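Listed here are the chains, written in short residue letters.
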Amino acid sequence: MTTLASRGYALGRALRMATAQPGVFLLSMLLASLALALPLAAATLARSALPQSERVALAPEISVFVALGTSNAEIKNLRARLEQLPQVASVRWLGRDDALAQLNERSALAALAELKSNPLPDVLIARMTNRIDPVAVETTAATLRKWSHVDAVSADVAWYRKLLAAGRVIIAVALVLGIAAALGITLILIGAVRLQVSGSIDEIRVLRLVGADVAFIARPYAYLGALTLTVAAAAAIAAVSGALRLVNPPLAELAQLYGAEIRIAMLDARELALLVLFAALLGGFIAAAAFRGAMRPT
Amino acid sequence: MPLATDSEPFIEFDHVSKQRGEFRFALADVSFAVARGEFVLLTGASGSGKSTVLQLIAAIEQPSSGRVRVGGEDLARLKPRALPLLRRSIGILPQELTLLGDRSVLANVMLPALAAGLSAHEAEHRARAALARVGLDGAAGGVAGGMHAGAIGVAPLRPRELSGGQKQRAVLARAIVNRPALVLADEPTAHLDPQAASDLLLLLDEFTQAGVTVVMASHGEAAALPAHARVLGLVDGKIQP
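Listed in order, the protein sequences are those of chains A and F.
Numbered according to our numbering, the first sequence spans residues 1 to 298.
Numbered according to our numbering, the second sequence spans residues 1 to 241.
Don't read these hints as lab results, they were simulated from the structure.
Owing to the predicted nature of the structure, the values given are computational and were not obtained by experimental measurement.
We treat Cβ as the ideally placed atom computed from N, Cα and C, and that holds for glycine.
It cannot be assumed that every hint is accurate.
[Claimed, not checked] Computed far set for chain A versus chain F, every beta-carbon distance over 12 Å:
id	residue
1	T3
2	A5
3	G8
4	A20
5	A80
6	Q84
7	Q87
8	I171
9	R194
10	S200
11	R205
12	R208
13	L244
[Claimed, not checked] Covered by chain A, per the in silico footprint, the following chain F stretches (three or more residues, Cβ under 8 Å):
id	region
14	15 to 28
15	112 to 118
16	153 to 164
17	191 to 197
[Stated by the list, open to error] Restraint-style ranges between C-beta atoms, simulated for each label pair:
id	chain 1	residue 1	chain 2	residue 2	range
18	A	R7	F	S163	31 to 39 Å
19	A	M266	F	R160	27 to 35 Å
20	F	R20	A	E271	36 to 44 Å
21	A	T19	F	Q95	49 to 57 Å
22	A	R270	F	S163	56 to 64 Å
23	F	Q95	A	G23	28 to 36 Å
24	A	G23	F	F23	46 to 54 Å
25	F	H219	A	A215	48 to 56 Å
26	F	A82	A	T19	42 to 50 Å
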């Protein structure tokens, strides 16, 4: 029984319940918006804090310094061997002449210009696979050091470890906030639905008497839950957006003092639309479940 | 609900008991049958088991022992999902008035039709027809006796704006909006003046002439009871011969 009329009836009832007890609806909506605003703010900060490149790929690199005097053919062989390693995503060859030119560009040392020969080696830069275990990076570096024609190997794993640790902290914080928000929202909606049910006992009794099935009786409460969380999500977006308007100007001024440019950007429209949609579905689901829990079997 | 053939009883109580508490029986070994289109009046003092009979027929309660069949269906074997379908085939006039005060009379009467999955247009059409049938809407007639005198357009009104008799008729309109095969009425005339009570009984009798089975509970002999009505007397949960 899913006619348009029954859905229209349910929507009408949901709106009437919201307006019949505006205090309950507003309080539930405000509490839910607070619960949603916390993870939304955390997600917004995390997105702005991570540079674009790191969002696309999070992978360390190993620099393999080829022994001087190694022929190009041998370097090509070395590169091919590197590329065959499963933990290596790609290999870039930085020729010694290019390396010297780059050094000249970046350095103002006059001594470099006076060098009679290029002291720099060829370098093979191996980009590891995304989110590889730091221990695997170190093991690979140790293996490469034993290869012939390899003079030295550099693997800066320390920053990678720090980045992974920071990532784990961010994920843990977001997870805790997400769980807290989900729990908070669930409790808020259960409370709101129970209040509405206690005020609608007569209606529920009549509906059962006239042959309404559980879906017909529960649907207005599900719609009310969806409505509550939809409005709450919109309010949370408005709150975080408003907070960013307040925070961004002084933050930009502070960053300028350090010669940097910082701006915390809101999630994009598609992500926000998904958040609202998810909130609506979650609200409907929780409220329907809460209603069924509140109903005693007849 | 499958329809029983004319030869089968429409309602059948087979040694039905309903126990309340350890030693008290609301019904004790009650057996009777009601044919399709029959008007049955259950009489007896308060607590004699009249309302229990109606609640067992509507599957609001389950018997402690024995078997209740409605339309050939053993209610004990009814799956929970089938319960709403059974209720849609029964028009129920509860003992207490159960119109919802937060909506119009029309919206109250439309409710069973919407719950049955009809479109809003069809539900409203049926609700207006049901209101006309019970004399609460001037648009149509077909109601016996003095019911016409009270025929006014009450559809947009709230239940609190109706008199006791009008409320009872509105409940009856709600009960018949899904064109039920069976109407259960629990003390429907209890709060009505003699004229309104007589009008209501005539209306219920009209339903039986259209093949609707009516089972009505009343603590006393109802005035203006249709001549063909069968009276079942209940005393302490037992049918009196």
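Okay, the hints, checked on the actual structure:
no.: 1; hint: T3; verdict: violated (5 Å)
no.: 2; hint: A5; verdict: violated (4 Å)
no.: 3; hint: G8; verdict: violated (6 Å)
no.: 4; hint: A20; verdict: violated (7 Å)
no.: 5; hint: A80; verdict: holds (67 Å)
no.: 6; hint: Q84; verdict: holds (62 Å)
no.: 7; hint: Q87; verdict: holds (56 Å)
no.: 8; hint: I171; verdict: holds (44 Å)
no.: 9; hint: R194; verdict: holds (19 Å)
no.: 10; hint: S200; verdict: violated (9 Å)
no.: 11; hint: R205; verdict: violated (7 Å)
no.: 12; hint: R208; verdict: violated (7 Å)
no.: 13; hint: L244; verdict: holds (42 Å)
no.: 14; hint: 15 to 28; verdict: violated (count 0)
no.: 15; hint: 112 to 118; verdict: holds (count 6)
no.: 16; hint: 153 to 164; verdict: violated (count 0)
no.: 17; hint: 191 to 197; verdict: violated (count 0)
no.: 18; hint: A:R7 x F:S163: 31 to 39 Å; verdict: holds (35 Å)
no.: 19; hint: A:M266 x F:R160: 27 to 35 Å; verdict: violated (50 Å)
no.: 20; hint: F:R20 x A:E271: 36 to 44 Å; verdict: violated (59 Å)
no.: 21; hint: A:T19 x F:Q95: 49 to 57 Å; verdict: violated (32 Å)
no.: 22; hint: A:R270 x F:S163: 56 to 64 Å; verdict: holds (59 Å)
no.: 23; hint: F:Q95 x A:G23: 28 to 36 Å; verdict: holds (34 Å)
no.: 24; hint: A:G23 x F:F23: 46 to 54 Å; verdict: holds (48 Å)
no.: 25; hint: F:H219 x A:A215: 48 to 56 Å; verdict: violated (38 Å)
no.: 26; hint: F:A82 x A:T19: 42 to 50 Å; verdict: violated (36 Å)
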